[in-house]
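There are 2 protein chains.
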Amino acid sequence: MNNTANNNPVVRACMIIIGNEILSGRTQDSNLSYLARELNELGVVMAEARVIPDIEQVIVDTINECRAQFDYVFTTGGIGPTHDDITADCIALAFGVELYLHPQAEEIIRRRQVPENVMTSRLRMARVPVGGELIDNPTGGPPGFSIGNVFAMAGVPMVMQAMTSTLGSKINGGKPVRSRSIGAYLSEGQIAQSLSDIQNRYPDIELGSYPFYRDDGFGVNLVMRGTEVEQLDIMKTEIAAMITDLGVESFEDAEGN
Amino acid sequence: MNNTANNNPVVRACMIIIGNEILSGRTQDSNLSYLARELNELGVVMAEARVIPDIEQVIVDTINECRAQFDYVFTTGGIGPTHDDITADCIALAFGVELYLHPQAEEIIRRRQVPENVMTSRLRMARVPVGGELIDNPTGGPPGFSIGNVFAMAGVPMVMQAMTSTLGSKINGGKPVRSRSIGAYLSEGQIAQSLSDIQNRYPDIELGSYPFYRDDGFGVNLVMRGTEVEQLDIMKTEIAAMITDLGVESFEDAEGN
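Chains as they are written, first to last, in my numbering: chain A, 120 to 376; chain B, 120 to 376.
If you're looking for bench data, these hints aren't it; they were derived computationally from the structure.
For glycine and all other residues, C-beta sits at the position ideal for the given N, C-alpha and C.
One should not assume that every hint holds.
Reference listing, derived: stretches of chain B covered by chain A, where coverage requires no fewer than 3 residues with Cβ under 8 Å from a Cβ of chain A [said to hold, decoys possible]: (1) 145 to 159; (2) 167 to 177; (3) 239 to 248; (4) 307 to 315; (5) 323 to 329.
This is chain A alone, in the form it adopts within the complex (with noise of 0.2 Å):
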């Protein structure tokens, strides 16, 4: 989350997750942890994430709260036919704008044949609001849209990624943040003052401490993050030292909670 030195800001988005089945625990979000890595390809921080309710009043709240305090805001789910996907109309409210059909949505709605009462359902995901721009869906369904620096897409993951490898051309980021990764079989306790130590030198750099417990022991993995990958490689050998002097192995591999 730091400001590199070079006059490169950083450029934040805030992910708007629609959906009751992720608020009751009958669906785990994945989408959270896909975008947060594409948008960082593309200079783009993922500052925070909500997870609401298919409520109209919090959607409209949520939205305008989030445009106006993030660079980007990504929304996923409530674009489909049904009774229950009202982001269109929550974000058109929040825009204070109208739906309308949009052509190109509607043609590639009616390519597949249905029933013209299914037809009349399917139609309700090719209204955008007015000023708004169409994300394409690589899978040859209905699109997203984005208006302003809003972007509705789809909560189905695998649409969801289809849609978010277009989002290239449409995104103005920064410079990628990139990690560094170490891990010990240590408690955090043993490490914490260096850690801490460490930490205060390398203002620049994110030191993230993730403790983890297998079957063959605990430890911890310890994460950087940062622009500078100079800075970064520096930092992992400081504190690839720090266990040695331990007497403890350190090892590459960061997975793991």
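Following the hints, position chain B against chain A.
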């Protein structure tokens, strides 16, 4: 999200997931779905969740906003012994109180013999805001704590789940929300209008429609949620009949997205 008619107001919770590792995409949160289901059994509805970074001002502001807005607030993460564990400090700041070394938490932490410099770091985990109470940690590790309507729990899922198992006596919930679900190999568009009609006839039950895409075809899971079991069963029967009328078989299993 609906109030029931029998004077049983909905008790609403917000979860605050604290940690750069979730926002960077490195770690996939699994605590939200777990806590949502456990709270539901205590009659508490998860009404919102936020994922925020390890930044003091963001944590303090989010806690103050959420504790004013929801009946309960649950935080996960940031209660370990390292420099990036600042949840206790932030909650104390949010409540305008000091931290103190809680004698019972200190006693638990001192049970494990470690060198004095390591103990100094570990004792960070015994700091509790003045006026707070401990949340037991059945794994034998350091406890969490609560103050007012805010509950600070561990981020490591195993520990968080153990702490959650002790919450029952501390929470005053309403009636648990129950669910019924039914699936069919249909597109959402085919049933959108019927679902909307059915939802309108059962305003106290939340009806969600969740499309899935599997190797053997695409379909939809329909999930009904509400506190009144009898109503749920009647509504489910009605939806099953609607699917049968389309000449499609429904199924009970409602896993998938």
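Against the structure, the hints:
| no. | hint | verdict |
| --- | --- | --- |
| 1 | 145 to 159 | holds (count 12) |
| 2 | 167 to 177 | holds (count 9) |
| 3 | 239 to 248 | holds (count 4) |
| 4 | 307 to 315 | holds (count 8) |
| 5 | 323 to 329 | holds (count 5) |
Every hint from the earlier list agrees with this structure, and none is contradicted.
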